[in-house]
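Work the whole structure out from these sequences, hints included.
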Amino acid sequence: GAVVSQHPSRVICKSGTSVKIECRSLDFQATTMFWYRQFPKQSLMLMATSNEGSKATYEQGVEKDKFLINHASLTLSTLTVTSAHPEDSSFYICSARWGEEYEQYFGPGTRLTVT
Amino acid sequence: AQKVTQAQTEISVVEKEDVTLDCVYETRDTTYYLFWYKQPPSGELVFLIRRNSFDEQNEISGRYSWNFQKSTSSFNFTITASQVVDSAVYFCALSEGGFKTIFGAGTRLFVKA
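Residue numbers (our numbering), protein chains in the order written: chain W, 44 to 158; chain L, 155 to 267.
In case anyone wonders, no lab produced these hints; they're calculated from the structure.
No experiment lies behind these values; they were computed from the predicted model shown.
Where hints are given, some of them may not hold.
Derived lysine to any residue pairs resembling SDA-like cross-links, with alpha carbons at most 25 Å apart [as the list claims (entries may be wrong)]: (1) Lys192/L to Trp141/W; (2) Lys192/L to Arg67/W; (3) Lys109/W to Asp131/W; (4) Lys63/W to Ser196/L; (5) Lys254/L to Gln103/W.
Below, the structure is given as structure tokens:
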């Protein structure tokens with residue numbers, strides 16, 4: 044099956060700094076990638092959808108200037124949390140799909156802790 | 155607008171019991187996909203099943219079975235003879251129009267030995 048990786052798997056950063064999370068599709072070209080955020084004991088909430096070469100589409104309530112998404116190639120999307128605060132601490136999961144396929148392939152997630 | 159409801163927040167069973175996880179969805183599209191995912195404590199989502207809106211056949215995979223009823227907009231998941239390793243959070247999800255996938259709130263399943 045299709046494999047999606049995320050790096051890093053865990054990251055701890057200080058308040059006010061920025062952190063970048065990478066999402067890669069290892070064996071397929073991802074025309075669309077999605078970024079989700081999951082707070083403890085809660086569901087996955089879609090943050091944004093990005094298509095290769097285009098600007099990301101953010102869900103309502105998600106600050107695009109705080110969560111910068113770049114989908115520069117068909118195999119890589121990055122999420123940068125700028126000026127991170129403790130309330131940004133969460134589990135961030137990316138997923139990818141190709142073409143018109145409905146199925147998304149999920150990465151293993153990145154646990155961000157902001158101190 | 156699409157919506158997925160998993161009314162059961164937590165379920166606790168004893169090993170070998172059967173358990174059914176409920177999922178009710180809302181969509182205006184005639185073409186959509188439904189999914190079930192398992193999320194163990196590690197956090198990584200494990201894909202269990204995908205069902206499209208035109209296929210109402212129930213499916214069985216080992217101890218897992220799914221009941222898709224369009225008439226009631228439900229896509230329930232049953233684990234037969236539950237095991238401790240089944241303990242996890244289970245998410246039902248809906249994708250319409252080939253775009254974003256919306257997840258239900260999840261059901262946390264505890265299987266006690």
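Report task. Enumerate the violated hints, using their earlier numbering and listing them in ascending order. Result -> Violated hints: none at all, because every hint is consistent with the structure.
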